[in-house]
Amino acid sequence: MQTKDSPLTFEAAMRELEEIVTALEKGNVDLDKSIALYERGEQLKKHCDALLKNAEARIEKIVQGADGAAKGVEKLDVE
Amino acid sequence: MVESPRSNALELSVSELSGALKRAIEDQFGHVRLRGEISNYRGPHSSGHAYFCLKDANARIDAVVWKGTFSRLKTRPQEGLEVIATGKITTFPGKSSYQIVIEQMEPAGVGALMALLEERRKKLAAEGLFDEARKKKLPYLPRVIGIVTSPTGAVIRDILHRLSDRFPRHVLVWPVRVQGETSAAEVAAAIKGFNALPVGGEIPRPDLLIVARGGGSLEDLWSFNEEEVLRAAATSEIPLISAIGHETDTTLLDHVADLRAPTPTGAAEKAVPVRAELLANVNALARRHDEAAFRLLDRRRGDLRALARALPQPENLLAIPRQRQDRAAERLSAALRAFVGARRLALAEASRLLARHAPQAELQRVTGRLNTLKFRLEAAGRAFFDRRRERYATLGARFDAAFAGRVRLLGHELQGRRERVQNFSARLDGAFLALLARRRDRLAHAEKLLGAVGYEAVLKRGFALARDAEGGIIRSAKKLGPGDAVTLHFADGKVAATVNGEAPPKRTAPAKKPLPPGGQGSLF
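Sequences listed follow chains A and B, in order. Under my numbering, the first sequence has 78 at position 78, and the numbering climbs by one with no breaks. Under my numbering, the second sequence has 220 at position 220, and the numbering climbs by one with no breaks.
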């Protein structure tokens, strides 16, 4: 569900979860499919929770190289 | 006209005059502030110096900005821009012209700047840089936010505070000067620099950019109207929020950006959702999810029970179909047999046809025909010969009969001929005998006659006949030599003699003398 290159975004995960909930609420899905849907919904919920928990502020400043391009970062103290 | 006095006026050379003017002008106008509209500006020369004119309604003056000065100018020269230029007047002695060498230049008031801004806005709008279609959608929840602004001051602080209130994120600040001559270039470079970061690189690539600055005058915010900043923002692949000045401040960057925030704080609010709300949303959804699943299952269970009750007994369900199946099975085997029979028949017919057309059969048939033909040919041949033979036999018999008849006829004819020959023969015999008798008479008569006139008679009269050894009559003495044997015939007989002498000499007596007795000589 989540690869390193293109993780499922929070927005997409929420949208899919909503679709699943709506389908389950309507109740017009096959039993087998409803089980698969439920499992998928559980995964999405966990994914969204994880994304929301990962809410650590990290403030950095770009350090430029001689050519003007970004060379690295260093901590930025604003206060 | 009044004739000018001639004598006491000082004569000047052109160079002297030019030099004097140069000194006078440069002393007098060593530092001037000159207001005018830029004209004939075509960008800096390849040497780096910039040449143009400053003009107003009635006059114009050449202007030059040296290369070293040009890069430090707050306001870049722009065609039609009304400026206040600070500098000094210099002259060109070689041309007797003067010019202003500009040291500093600033727009001549807000009106001029606004006019310039409007002109640039129109130009870029015509290029489509402000089109709605170009706007990119902002990520709902960016992971990394890049902020282009000054690293110190209220602006960055406000943004970071509001971000952490709503949803603490990873923030990368690209420090730039937000005012002054180099500001525009730095901002443009920062936007490009963030875009140049590779995905998954050492420095995380932001998925949202904020270009921010606090409030200020139009001149203070001018960097964010500069074309290089606008073009960098327009080509940015990362969605960009502009947050320049206060609510009422407007820059061209606001038009190019994917979203305009009224203030830096507002930018933070546009950038991230409120985490607490999201958590509530997710929880609410999760609850609905569980409930829906449970209800669904529950309803299914109820449905199942209801259906199970309504389910008929399996035996009843199966009875009729089973009967049908039995009947079908019976019909099936019969049908199968009939089917197989029909197919077998068809196969037999087919193989018969096939056999007829098989090569061996064909060969056999041809051979049979050939034999028949051969037999007929032989029979015909025999019949032919038989007929011929019969015909020849008939012809032979006819020929034989004809031939015998002919032979008989010829026999008869021959007989007749033979009789006639005999007839002639008898007559011939008679004639011949008569002729013979007559001849014989004549012969007897001739004999008598001969006796009378023959040499015997002569001999009787005393002559002798000399014959040589071969019996030949010797008619000449020259044929004889001494020693030759001769026979002398006399009427009463003959005697042998030998010649003993030469022939007598011719016409002489001695020729007569040697004549042998009984020789011819003696005959005379």
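Honestly, the hints are just simulated from the structure, not real lab data. Values in this document were obtained by computation on a predicted structure and should not be read as measured data. Keep in mind that a hint or two might mislead.
[Said to hold, decoys possible] Among chain A residues calculated to face chain B with C-beta under 7 Å, some are: (1) LEU8; (2) GLU11; (3) LEU24; (4) LEU31; (5) ALA50; (6) LEU52; (7) ARG58; (8) LYS61; (9) VAL63; (10) GLY65; (11) ALA66; (12) ASP67; (13) GLY68; (14) VAL73.
[Stated by the list, open to error] DSS-like cross-link-like pairs, simulated, lysine-lysine; straight-line CA separation at most 30 Å: (15) A:LYS71 <-> B:LYS136; (16) B:LYS67 <-> B:LYS123; (17) A:LYS46 <-> B:LYS123.
Virtual Cβ for every residue (Gly too), placed ideally from N, Cα, C.
Restraint outcome when A:VAL73 is required to lie within 7 Å of chain B by C-beta distance = holds (6 Å)
Hint status (Cβ of A:ALA66 to nearest Cβ of chain B, threshold 7 Å) | Hint on A:ALA66: violated, closest Cβ of chain B at ~13 Å, above 7 Å.
Cut-off 7 Å, beta-carbon criterion: hint that A:GLY65 touches chain B | violated (10 Å)
With a cut-off of 7 Å, does the beta carbon of A:LEU8 approach a beta carbon of chain B closely enough for the hint to hold?
-> This hint is violated: A:LEU8 lies away from chain B, its Cβ roughly 11 Å from the closest one there, beyond 7 Å.
Are the Cα positions of A:LYS46 and B:LYS123 separated by 30 Å at most?
-> violated (50 Å)
Does A:ARG58 pass the interface check with chain B, least Cβ-Cβ distance below 7 Å?
-> Interface hint status for A:ARG58: holds (4 Å vs cutoff 7 Å).
Is A:LYS71 within 30 Å of B:LYS136, Cα to Cα?
-> holds (27 Å)
Close enough to count: is the Cβ of A:GLY68 nearer than 7 Å to one in chain B?
-> holds (5 Å)
Given A:LEU52 was flagged as interface, is its beta-carbon under 7 Å from a beta-carbon of chain B?
-> holds (5 Å)
Does A:LEU31 pass the interface check with chain B, least Cβ-Cβ distance below 7 Å?
-> Since chain B brings a Cβ to about 6 Å from A:LEU31, closer than 7 Å, the hint holds.
When the nearest CB of chain B is found for A:GLU11, is that gap smaller than 7 Å?
-> For A:GLU11, the interface hint holds, since the closest Cβ of chain B sits about 3 Å away, which is under 7 Å.
For the pair supplied as a hint, B:LYS67 and B:LYS123, confirm whether the alpha-carbon distance does not exceed 30 Å.
-> Distance ~28 Å between B:LYS67 and B:LYS123 Cα, so the pair holds.
The structure shown violates the earlier hints numbered 1, 5, 9, 10, 11, 12, 17.
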